[in-house]
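Based on the sequences and whatever the hints tell you, model everything.
In full-length UniProt numbering, the protein residues as written are 1 to 322.
Hints are computed from structural coordinates only; laboratory data are not their basis.
Fair warning: this is a prediction, and the values are worked out from it, not measured in the lab.
Keep in mind that the hints are not guaranteed to be accurate.
[To be verified] Straight-line distance between alpha carbons at most 35 Å, and here's what the computed DSBU-like set of lysine-lysine pairs gives: (1) Lys157 x Lys107; (2) Lys202 x Lys107; (3) Lys212 x Lys285; (4) Lys79 x Lys57; (5) Lys52 x Lys79; (6) Lys157 x Lys250; (7) Lys52 x Lys212.
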Amino acid sequence: MEKVLGLAVVSSIFCVGSVVGKYVRGIVNTKEDWVFLTRFCFLTNFGRLDFKFRYPKARCCQNILLYFDDSSQWPAVYKRPDKDCYQKEAVLRPANNQVINLTTDYKWSGCTVEVEGDEETLSCVGGRSFRSVRERWWYIALSKCGGDGLQLEYELKLSNGQSFWTQHFSADEFGILETDITFLLIFAVVFSLSCYFAHNLKGRQLLHTTYKMFMTAAGVEVFSLLFFCIYWGLYAREGVGNDSLRMMGKLLFSVSFLIFLLMLILLGKGFTVTRARISHSGSVKLSIYMTAYTITYIILFIYEAEGKDWLVLRVELGVRWL
Numbered sequence: 001m002e003k004v005l006g007l008a009v010v011s012s013i014f015c016v017g018s019v020v021g022k023y024v025r026g027i028v029n030t031k032e033d034w035v036f037l038t039r040f041c042f043l044t045n046f047g048r049l050d051f052k053f054r055y056p057k058a059r060c061c062q063n064i065l066l067y068f069d070d071s072s073q074w075p076a077v078y079k080r081p082d083k084d085c086y087q088k089e090a091v092l093r094p095a096n097n098q099v100i101n102l103t104t105d106y107k108w109s110g111c112t113v114e115v116e117g118d119e120e121t122l123s124c125v126g127g128r129s130f131r132s133v134r135e136r137w138w139y140i141a142l143s144k145c146g147g148d149g150l151q152l153e154y155e156l157k158l159s160n161g162q163s164f165w166t167q168h169f170s171a172d173e174f175g176i177l178e179t180d181i182t183f184l185l186i187f188a189v190v191f192s193l194s195c196y197f198a199h200n201l202k203g204r205q206l207l208h209t210t211y212k213m214f215m216t217a218a219g220v221e222v223f224s225l226l227f228f229c230i231y232w233g234l235y236a237r238e239g240v241g242n243d244s245l246r247m248m249g250k251l252l253f254s255v256s257f258l259i260f261l262l263m264l265i266l267l268g269k270g271f272t273v274t275r276a277r278i279s280h281s282g283s284v285k286l287s288i289y290m291t292a293y294t295i296t297y298i299i300l301f302i303y304e305a306e307g308k309d310w311l312v313l314r315v316e317l318g319v320r321w322l
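Below, the structure is given as structure tokens:
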């Protein structure tokens, strides 16, 4: 376990890098005329979007589009290359104030003209409250149909009420932090008890390999949950989270799962229960299976980390995260 502790300490030192969360900041600079920014699931009466946008007045006029999860809205435009920018705007309902025109002509946008040297810049500061009969997904996009592309700096704060446990969380994320804390305490107790019994078994020379594997899996799982709790705790407090912490938690969870899986297979074959050794053919088959399983697991892990779906991990099409 000293090696596991060392790994966790070293990993925490290097946990810096990309920061993502429900305080979303970025720069859009693309030739596209319609770009997705982010999404959030708002509560029925507590949803709030606060925004800040800045862009050169010469690149006027750009719009913020607010789609919700009705079949006639976001599903009608998401991954629909057959629809152009105008058609994607046409599904919005003007009566719902779903288009924020980022100009001084639209008073609800909060736009003012700022002069910086020889360049005029539109600075827009404002917000929106969301009311609906149920929790609803909202998708935020940027558009400038028929123009010369998009150029804009943005900062978005998306929140659900003022509670520590809900403010910065999308409605689909409620309970994650509480659940992780609960399981961290449970696994910490399990690991502590396993260490106690391991001490007794060692004195009787009964500390078998499978039990050591169980201890290792439980210990790694504790560190995995610890990283998750730190990530979600920072997220709940500040609205941002260090994605490296979450990735480290997922990596440790994967290691714990694979160790536990191997332990179960060995126990299923009777290792340390009815036999002291695995046959040569059994060892070869087990090695091939675990190698194939681990490689597949790694591929899926990387595929998830490098996910291309806008709705899951990151924004592409010329959007650069800060």
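Checked hints:
1. Lys157 x Lys107: Answer holds: Lys157 to Lys107 is near 20 Å, not above 35 Å.
2. Lys202 x Lys107: Status violated; Cα separation ~75 Å.
3. Lys212 x Lys285: Distance ~22 Å between Lys212 and Lys285 Cα, so the pair holds.
4. Lys79 x Lys57: holds, 30 Å
5. Lys52 x Lys79: Holds. Lys52 to Lys79 sits at ~27 Å (cutoff 35 Å).
6. Lys157 x Lys250: holds, 26 Å
7. Lys52 x Lys212: violated, 54 Å
Hint compliance for this structure: hints 2, 7 are not met, and every other hint is.
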